[in-house]
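Participant: With chain H held as given, fit chain L onto it using these hints.
2 protein chains.
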Amino acid sequence: MLRTHNCGALRKEDIGKEVLLAGWVNRRRDHGGVIFIDLRDRWGLTQLVIDSNQQEIYQHANSVKSEFVLQVKGIVRARPEGLANLKLPTGEIEVAVSEVIILSESKPLPFEIEEKNETDESLRLRYRYLDLRRTRMQKNLMLRHQVCQSVRRYLSERQFIEVETPFLTKSTPEGARDFLVPSRLNEGNFYALPQSPQLFKQILMIAGYDRYFQIAKCFRDEDLRADRQPEFSQVDIEMSFVEREDIFELIETMMKNLFYEVLGIQLEAPFPRMSYDEAMNCYGCDKPDLRITCTIDDLSSLLEGNIEVGSKTDSWNGLFLQDWKGFSRKKADLLSQMAKNAGVSLSYIKFANEAGTSPLKNKIAEQTWRKIIEKYPFQEDSLLLIAWGDRPKVLAFLGNLRVNLGEELNLIQNQFKFCWIHDFPLFEWNLEENRWDSMHHPFTAPLLDQLDQLNIDPSKVKAQAYDIVLNGFEIGGGSIRIHRSDLQEKIFQLLNLSEGEIQQKFGYFIEALQYGCPPHGGIALGLDRIMMLMSGESSIRETMAFPKTQKGTCLMSGAPSPVSDDQLMVLGIQLKKKKEPRSTKDGS
Amino acid sequence: MLRTHNCGALRKEDIGKEVLLAGWVNRRRDHGGVIFIDLRDRWGLTQLVIDSNQQEIYQHANSVKSEFVLQVKGIVRARPEGLANLKLPTGEIEVAVSEVIILSESKPLPFEIEEKNETDESLRLRYRYLDLRRTRMQKNLMLRHQVCQSVRRYLSERQFIEVETPFLTKSTPEGARDFLVPSRLNEGNFYALPQSPQLFKQILMIAGYDRYFQIAKCFRDEDLRADRQPEFSQVDIEMSFVEREDIFELIETMMKNLFYEVLGIQLEAPFPRMSYDEAMNCYGCDKPDLRITCTIDDLSSLLEGNIEVGSKTDSWNGLFLQDWKGFSRKKADLLSQMAKNAGVSLSYIKFANEAGTSPLKNKIAEQTWRKIIEKYPFQEDSLLLIAWGDRPKVLAFLGNLRVNLGEELNLIQNQFKFCWIHDFPLFEWNLEENRWDSMHHPFTAPLLDQLDQLNIDPSKVKAQAYDIVLNGFEIGGGSIRIHRSDLQEKIFQLLNLSEGEIQQKFGYFIEALQYGCPPHGGIALGLDRIMMLMSGESSIRETMAFPKTQKGTCLMSGAPSPVSDDQLMVLGIQLKKKKEPRSTKDGS
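So the sequences go chain by chain: H and L. The UniProt record's numbering puts the first residue of the first sequence at 1, with every later residue one more than the last. The UniProt record's numbering puts the first residue of the second sequence at 1, with every later residue one more than the last.
Isolated chain H, as found in the complex:
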C-alpha cells in the first residue's frame, strides 16, 4: 500500500503518528514561507504543511500544482490554536510533511474541478475523468451503488434470484428500434441487443424460477429526445403465482426499505392507487405529480346547460387554486391565449372582498353560480379556472397548467410522492399504420372479465397493467402477463401479425407456453430515473459514469467510430454506397 491512511481518516487521536498519505492536490497556497496543500481523495481532504526551513522538500513542494498526485510522509499534529476547521472531519489536525514524492503530474485543467458556475456539458463529457472528480458526481455514483446494493439485498431476502440474461438476443418488439449486431459465424444474420429481458424473464417463470430479478442493461435505438440514453438500466422483476397487489406490496416495501436505508427518509405505504381513467380525469395525464395537491374537477353536470358560451361543448372542467395573490388581468389574458393554442376555452372565477367575480358571471345562472361558490373553499385570492371544449384537450391542457402553476406558485412540496396507476387500455390505435398497438407490450394480460370485448371493441378492453409514478415521473411499469398460448396468439393476431410473422418471431415463446406456464407478472423500474430523483438531479446523465450525447456519441472516447474494411468484410457486411441510385422500394 502506498498509504497508511486515506485523506479523510485522520483525527485528533492520531496526533503524533507518522503517516503515509496519497492523493490529489486539491489546493496549494503559500503563506509566509509555509506551503499548505489540501490533499484530496474519495474520502476527504487533509491539510499538509511544508515549512521553508526544510529547504529541499519546500523546493519540491513548490513545483506542485493542482491535481498533481502526491505521496507524502509526515507527522500528524494539531492545528495551531484558533485555526481548526470544524467543518472538515480532519479539520483539527494537519500533517507536517517530511517527504514528498510526485507520483504523477497534471497539465493545466480545461476547467476547475469544483466550479461555482456550471461548466459547459460537452466540455464536462469530453474530460469526463475530471468531471467525475467533482463531489457532486462522486456522491451521485456512490448513491447509485448503495441503491443497487440495497435493492439486491432486499430482493434476495424476499427469495428472488438474480439471473443474467443474454445480450446477444433475438429482436423483441418493445416499440423501439433494435441495435443490431452482425454475426460473423452466421454470416448474413444479426443479433439484437435486448430492449428488455421481457421474454427471458417470462421463460424463467415457465422454467419454475418463481422469483427473478436483474439489474439489467437495456438498449433502444431511438432518436434521443430530451433525457434518453441509448443504453439504460432497469430493475427487472418477475414473479409467479401472483396478482397485481402482490407486485404492489413487493415494490412498496422495497421502496420504503430503499429510501430509509439510503436517504434516511420514511415513506408512507401503501402508495395511492388510481385507475388510468381516474388519473386522466383528475390530473390530465397518466403520471400525476401528487406533490401538487389540487386536482382537475369535472364541472360538466353543474355547468352544462346553465351557462351561455356559444358552441356546444363536451366537457367542463375546473382547477381550483386556493391562494393566487399575483393573479392579474394580464395573466388571465396570457392563460386564455395558451388555452386557445391548445384548442380549449378558458375563463375563471376570482374571489376577493368576500365575493366572486368572473368574466362569466353574467352568463351563469344565479343558482349555478351559488352552487359553484359553495363547492369550493373560497377565500381571499382564491381562483377557480374553468376550461371547456373537447374533453381530451381540456384535460391535457389543465393537466399541463396544473404542473406549470405548481412550479410557478411554489405549490410543490419537497418530498417523494409515489402512486400506482392501473387498468391502462390494452391497446391504442396506431393512426399511421392503421392498426392496434399494445399500450404496454403484447404479453400483457387483459382484465379477465373483459375477454369477450376483445372480439367486439378492443378499444374498450383494459389491461392488467400498471405504472409506478414518483413526483410526476413514470419510474416503472409492469403487468400481469398472458400465460395461455391461445390468448397470446389471439393478441398477436389483433396486432395484425400474420401467422407467419407470429411463428417466425414468437414461435418458440408460444411453444414454451404450452409446457406448463404458471400465472405470472412483473415490473421493470427505470433505475436511471429513480437515481435522478433520489439525487435531486434534473438529467439522468448526472447519474451514470459515462453517458452519451443526444447524438449517441461518447465525447471522451469518440465512440462510435469508423472501422476498417477488413472488420466489415469478415462480418459479411459493407457500408451502403451513398452515390448509387436507390431502387424505389428503398424509400428515403
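To be clear, the hints were calculated from the coordinates, so they are not data collected in a lab. Be aware that a few hints might be false.
For identical chains, the list gives no copy identity; a pair is met inside one copy or between any two copies.
As the list claims (entries may be wrong) - When the alpha-carbon atoms are kept at most 30 angstroms apart in a straight line, the in silico DSBU-like pairs for lysine-lysine are as follows:
| hint | residue 1 | residue 2 |
| --- | --- | --- |
| 1 | Lys417 | Lys217 |
| 2 | Lys417 | Lys65 |
| 3 | Lys139 | Lys217 |
| 4 | Lys505 | Lys375 |
Fair warning: this is a prediction, and the values are worked out from it, not measured in the lab.
Facilitator: Below, chain L alone, put in the same frame as chain H:
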C-alpha cells in the same frame, strides 16, 4: 397470491390447516382408487392425495399429466403410519385435496425433466425452459446468485463501489475480435461491445474512485473452441495506490469469504505464489493444478555428460510417481510414442524388489545412477519418468503428462487448490505479424527495475502481471498498470503502433494519464469458470441460464436471425453481395 405456502414449506406443525398450493405436477400415480400427486416448485415437493370418493375432483385430477400447473386447496394431514418419507422435508405430511384448478396444461415432454441418462445437449438447449426445471440447473443458477451477492457484499464492505460502464463503446484491443454495432445516428460509424471494461476502469481510477468493481459482461467474437461463450461475465476490480500484494490479499480474503459463505469450505490463505518461470519449470504450464502434488524436476546437472543417449540435448527433466503399480512395458511403449509425437525422448527408472531397473541403466554412470536413486523416496512400484530434448517441449510434454497421469492414477484430491502466478513476460513474439504482442494487455506495467531492458531486449522484460489459478484453470488475471503517459506511449510504440494509430485509438486515454493519474492495478476474475468449478460442472454452459452453442446460436430463440432490408437501410449498411467478383484486396 395464488398460494398460502410454497411446495417445500409444510411440516407436521401445519397439520389441520387449510392451505392453497400451486406448482407443477412432478409425478402422478394411482394407487387403489387414490390419486397421489407430487406437486413441485423451486422450494420442494408436496404430496397431494385425492380419494375416488370425491368423484368430481377425482375425475378432474385424473386428466392431469406431468408438468401441468395446478392450484389446489386442501387440508394438511399426517401421512399414514409407516408411510412418512424422511428424506423429504415435507415427507411427514400430505394434503387432502378439496379443490383442483388446472392453471395450465402441458404437452408431452420432449425429454424427462429428471433423467438418469444425460439428454442430448442440443435438445436441452432447444427446450431450455424445461432443462432449467432440473434440480441440477436450479442449484447451479441459485449458487451463481449467491456467489454474486457474496462478492458484491464483500467488496462493498471493503469500500469498493460498483460502477456500470458502457456497452456501446470504442474498440479496445484485448487480443480478440470485437462485436460491432452499427450506429444509425452516426451513419458509417460503429460501436464495439466491450471485450472488457479495461480502459473505463482505469479512467475511473484517474477520476479518483479509488476502489471500483463490477460484475461485467464482456464480449469476444472468437471462433468458439471448446468451452468459450461469445458473452461472458467477469468480476472486474481496480484499486488505486496499491501494490501487487494488496490485490492478492483482497482476492484471497474474498475467496475465503465466498467459499465459506456459499459452500461452507474453509480455504487456507495466503495462496501459494510462484513466478511464471517457476511454474513453467515445475509444472510445464502457467496454470498448474496443485491438487496433483508431484512436480517436474530439473535433472540436467545430474545427467548432462553422465549419460549416453545420442544427440546433444538442452534439458533433462524428471517426473516422479510414488506409486504406479499398473505400469507395464506396454504402457512404457505408449508413453514413448506420445513423447516422440511431442518431439521429446522419454525413458524411466522403475523400482521393484528393492532395486531400480531402467532401459537406461547401462547408459548411466554408476555414480549418477546412485545419485538418482538417493534423490527420490523410491519404494515398491515407484516410477521416475525421464524426458529430454528441447527444453520448452520437454516441459510442455511432462506438464501434460503430469495432468493426465493425475487423472489416470487418481492422484487428484477433491479440494480447491489456488495459486498465484506472477512476473509473466511483458511481451510475446507474434510470428505471424513479425512483432511483439502484449502477453497480458498493453496497459500492464513492466517490473520497474527492468525498464532499461525495454530498449535492449524486450523479451527479457517481466511484467507486473499475475494470474490466479484454481485446480488447473486460470480463473483470473490482472496487473499493476502503467500510470505514466510517456511509458504508455513507449509500450504502444514497441507494439508497432504508428503515432497515428496510437492517437486514433488511445489518444484520449493517453491524454487522461496527463491529468494526475494515481498508481493503480486490478484484476478480472472469470465468473463463469469459477461457477463451473464451484458447482462441479465440466462446462461453463451449465452455469448460465441461456448459453449459446459453439456456433454462437441460441437454439431456443433462433438468434441470430435475418433482419429486414429496411432495418439495414436505416443503419447505412448492406449485406456483402456474394456473387460479385471481389477485388484482389478483399482476399478470401
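Participant: Each hint should be assessed against the structure and marked as holding or not.
Facilitator: Against the structure, the hints come out as follows:
In this homomeric assembly, Lys417 and Lys217 come within 30 angstroms of each other (Cα to Cα) only inside a single copy, at 26 angstroms, whereas the closest approach across copies is 35 angstroms. For the identical chains of this complex, Lys417 and Lys65 are neighbours neither inside a copy (47 angstroms) nor across copies (48 angstroms), given an alpha-carbon limit of 30 angstroms. Within a single copy, Lys139 and Lys217 get their C-alpha atoms as close as 22 angstroms, and across copies as close as 25 angstroms, so both meet the 30 angstroms cut-off. For a Cα distance limit of 30 angstroms, the shortest separation of Lys505 from Lys375 qualifies neither inside one copy, at 56 angstroms, nor across copies, at 70 angstroms.
Violated hints for the displayed structure, listed by number in ascending order: 2, 4.
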